[in-house]
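For reference, the chains in residue letters:
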Amino acid sequence: MNKDILSESEEDSKTWNTVIKPKGSLFEIDFKEIWRYRDLLEMFVKRDIITQYKQTILGPTWFFVQPIMTTIMYMIVFGGIAGIKTGTVPQALFYLAGIAMWNYFSDCLNKISNTFAANEGIFGKVYFPRLIVPLSVVTSNLVRFAIQLSLFILVYLFFVFFKGAHVEPNVYVLLLPILIIMMAGIALGFGILVSSMTTKYRDLTVLFSFLVQLWMYATPIIYPLSTMSAKKQWIMALNPLTSIVETFKYGTLGEGVFSWWQLGYSFGFMVILLFVGILIFNRVQRSFMDTV
Amino acid sequence: MSTAIKFENISKQYRLGLVSTGTIRHDLNRWWQINIRGKEDPYLKIGEENDRAHKGESEYVWALKDIDFEVEQGEVLGIIGKNGAGKSTLLKMLSKVTSPTTGTISAKGRIASLLEVGTGFHPEMTGRENIYMNGSIMGMRKSEITSKLDEIVDFAGVERYLDTPVKRYSSGMTVRLGFAIAAHLDPEILVVDEVLAVGDAEFQKKAIGKMQDVSKEQGRTVLFVSHNMGNIVTLCNKGIILSNGKMIFNGSIDKAVDLYISEGNQSSEYIGNNIHQSCFFKKIYFSNAKGNNVSVFDYKESVMINFEIKINQLVNDGTLSFTLIDSKLRPLFTSHQKLKIFDGRMTAIIPAEFLLPGTYFVRSVMHVPNQCFLDTCNNDISFSIEDTGNQYTIYNRADLGIINANIQWKE
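So the sequence lines, in the order shown, correspond to chains A and B. The numbering of the first sequence is our numbering, which starts it at 1 and goes up by one. The numbering of the second sequence is our numbering, which starts it at 1001 and goes up by one.
Just so you know, these hints were derived from the structure itself, not from any lab. Note that the structure is predicted; figures quoted are calculated from it, not measured. Glycine included, every Cβ here is placed at the ideal spot set by N, Cα and C. Please note that the accuracy of each hint is not assured.
Covered stretches of chain B (in silico footprint by chain A; criterion: 3 or more residues with CB under 8 Å from a CB of chain A, positions within the stretch not fixed) [claimed, not checked]:
1. 1096-1105
2. 1127-1140
Derived DSS-like pairs: lysine-lysine, alpha-carbon spacing no greater than 27 Å straight-line [as the list claims (entries may be wrong)]:
3. LYS1246(B) x LYS21(A)
4. LYS1108(B) x LYS32(A)
5. LYS1148(B) x LYS32(A)
6. LYS46(A) x LYS1148(B)
7. LYS46(A) x LYS1006(B)
8. LYS1283(B) x LYS1338(B)
9. LYS1167(B) x LYS46(A)
10. LYS1338(B) x LYS54(A)
11. LYS21(A) x LYS1096(B)
12. LYS32(A) x LYS1238(B)
13. LYS21(A) x LYS1006(B)
14. LYS1310(B) x LYS21(A)
15. LYS1283(B) x LYS46(A)
16. LYS1108(B) x LYS1167(B)
17. LYS32(A) x LYS1006(B)
18. LYS1096(B) x LYS200(A)
19. LYS32(A) x LYS1246(B)
Here are a few chain B residues that sit away from chain A, every Cβ distance over 12 Å (derived from the structure) [stated by the list, open to error]:
20. PHE1121
21. PRO1123
22. ILE1189
23. GLN1391
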């Protein structure tokens, strides 16, 4: 008799498909659930793209204006006043390449690091895997990146055909998709880490916002890595973005430092960062509504 | 019938006050106690009962404490309680927005929660885009939404505005659209929190009807939180009452509503002191024919409602009105009288054998009809009529209505 009841309740417990508990184990991440919500990812991306430039006259043209203005400014300040050499490559091309890469990274990072605070309203009302939001940021920013990349290509072609600029594109340009994935991965991993840590202690937000600004100067965006001494190059390479930006410049312009080792280091860095980031993010998403 | 949701030993602790340097000290201490010394969380012991009105000793309160109940499949459960009793916290845990401090909630099937309709609506996007947006936030697949698009649009009545940005919608339309999406989600469990407060009467009726369909015809489980006892009674068949984070009743909805109303804040006397008004209620109370101050009456007794008022300044057409309300919070009738005296008592007499046994409320106001309120009594006061035997007692508490009407029969 007792046995019957026991087996019945055992069977019963198997059918519970939603179980809500205080705190699960650290490694309890439901990737299947994220996959199930892939349509939501698509909707978020669509929303970001549709709404970003609604009710503006120039619309997506703004995607062009910003990098052009930045490039001109860099040419005046860094190229002109500071006199930083860009090797054999025309300044405009050199800066544009760096700006396109950096913009994608910093846009993703800034937006993701704000995930919890910016979505407080919606997170407080309905449950869905929170990781969808940072994933959608990485994806929707690709559109902007593609536009800036096409601007880079246009300027590139202009310089090659009309100015006879000396650029040496090579086979490493084919690494671009991997470079983008690495950029996205580092921005994602770092962003969710920061957003998890800032839910309770907002101090970090202040610290973080100028850290990102400084980070750009620690990455070879406005100067070529090759002008540095070997020792300095080695220190620079600790920054996981260095090899990504350098590989991109090397592949497209023939100007830069390329090393499989450094690229491999950046890749490893990304994998570990993503792993730690997802673990902590997953932990925080369960209780963040109580602390925000 | 099988169990659809099981709440086991659910508690939720919140920390009051601001996040400050104190928080980091508590966090470090907690981490030290649990991970290094292997003890229990020191702050779980010191939580206090969640009583807003009294200042407590501790920074930690239990928003919910030891909640244990089960909901059968197809049941419509009403969750009743005053503001701050823990109703919303309970629903938030069920919809996974926040996690419990202790205990487990197990549920069978997809849970759709309507803690707020139109979650994730983006004002710049069109109605159609928002249907897809909101639907996928609630876990629907794109193909599912497409197959139900027509039904949703039809139910919400927004066909003409389907390709208009939602920012141009009226608030009623937004709510209708939001509810329509959630109602067509086909969840096994639907969680609804007071969303019906907005929207016009016609839509409220439609929404309640839809919720009844969902539970009765499709055998889904519904959890419903509302302050409107009328809606709760029409919709639910089971009820639980929460009070200061504890569950004090679990049973049939009629008993739950009766208990809530009789044990709630309802008093049988009102004492007012709005002395700055041109006229005000000093006291409102009940008495029987003998002049005794009581609030429980025999069916065969008449009920006197006494209004002690004071008029500082005579107002033209000043009127005293009261509305009698039944235990399901339906207004039964209103009676009024011109203000004539300056300082004294007005008495309204409800005749004997007119109201059937039950609990009733009196809502009183002094006003100039259609112009302004002079004084309102902010608490409804209640009295009850005991069943001491009448010609309907033989029907054994069937719901026969409220009033013993004086009907003439001819043969």
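Checked hints:
1. Chain A is given as covering the stretch 1096-1105 of chain B, and this holds because 10 residues of the stretch bring a CB closer than 8 Å to a CB of that chain, at least three being needed.
2. Restraint check on the stretch 1127-1140 of chain B versus chain A: 8 residues with Cβ-Cβ distances below 8 Å, three needed, restraint holds.
3. The straight-line distance between the Cα atoms of LYS1246(B) and LYS21(A) is roughly 19 Å, inside the 27 Å bound, and the hint therefore holds.
4. Distance hint between LYS1108(B) and LYS32(A) is fulfilled; the C-alpha atoms sit about 18 Å from each other, no more than 27 Å.
5. The suggested pairing of LYS1148(B) with LYS32(A) holds, with an alpha-carbon distance near 25 Å, which does not exceed 27 Å.
6. With a C-alpha separation of about 21 Å, the suggested pair LYS46(A) and LYS1148(B) falls inside the 27 Å cut-off, and the hint holds.
7. The hinted pair formed by LYS46(A) and LYS1006(B) fails the criterion: a straight-line CA distance of about 38 Å is larger than 27 Å.
8. Annotation: proposed proximity of LYS1283(B) to LYS1338(B) holds, straight-line Cα distance about 18 Å (limit 27 Å).
9. The suggested pairing of LYS1167(B) with LYS46(A) holds, with an alpha-carbon distance near 18 Å, which does not exceed 27 Å.
10. Between LYS1338(B) and LYS54(A), the direct Cα distance comes to roughly 60 Å. Violation of the 27 Å bound is thereby established for this hinted pair.
11. Pair hint LYS21(A) plus LYS1096(B) holds up; C-alpha atoms about 10 Å apart against a cutoff of 27 Å.
12. Among the hinted pairs, LYS32(A) with LYS1238(B) is inconsistent with the structure: their alpha-carbon atoms are about 35 Å apart, more than 27 Å.
13. Between LYS21(A) and LYS1006(B) the alpha-carbon distance is near 12 Å, which keeps this suggested pair within the 27 Å criterion.
14. For a cut-off of 27 Å, the pair hint linking LYS1310(B) to LYS21(A) is broken: about 59 Å separates their Cα positions.
15. Our distance criterion of 27 Å between C-alpha atoms is broken by LYS1283(B) and LYS46(A), whose separation comes to about 62 Å.
16. Restraint check for LYS1108(B) and LYS1167(B): the C-alpha separation of about 37 Å exceeds 27 Å, so the hint is violated.
17. The hinted pair formed by LYS32(A) and LYS1006(B) meets the criterion: a straight-line CA distance of about 24 Å does not exceed 27 Å.
18. With a C-alpha separation of about 20 Å, the suggested pairing of LYS1096(B) with LYS200(A) holds against the 27 Å cut-off.
19. Our distance criterion of 27 Å between C-alpha atoms is broken by LYS32(A) and LYS1246(B), whose separation comes to about 36 Å.
20. Not every Cβ of chain A is farther than 12 Å from the Cβ of PHE1121(B); the closest lies at roughly 10 Å, contradicting the non-interface assignment.
21. For PRO1123(B), the requirement that its beta carbon stay farther than 12 Å from each beta carbon of chain A is not met, with the minimum near 9 Å.
22. At the 12 Å boundary, the C-beta of ILE1189(B) falls inside the reach of chain A, the nearest C-beta of that chain being 8 Å off.
23. Consistency note on GLN1391(B): stated as away from chain A, and its beta-carbon is indeed over 12 Å from all of that chain's, at 50 Å minimum.
Checked against the numbered hints given earlier, the structure breaks hints 7, 10, 12, 14, 15, 16, 19, 20, 21, 22 and satisfies all the rest.
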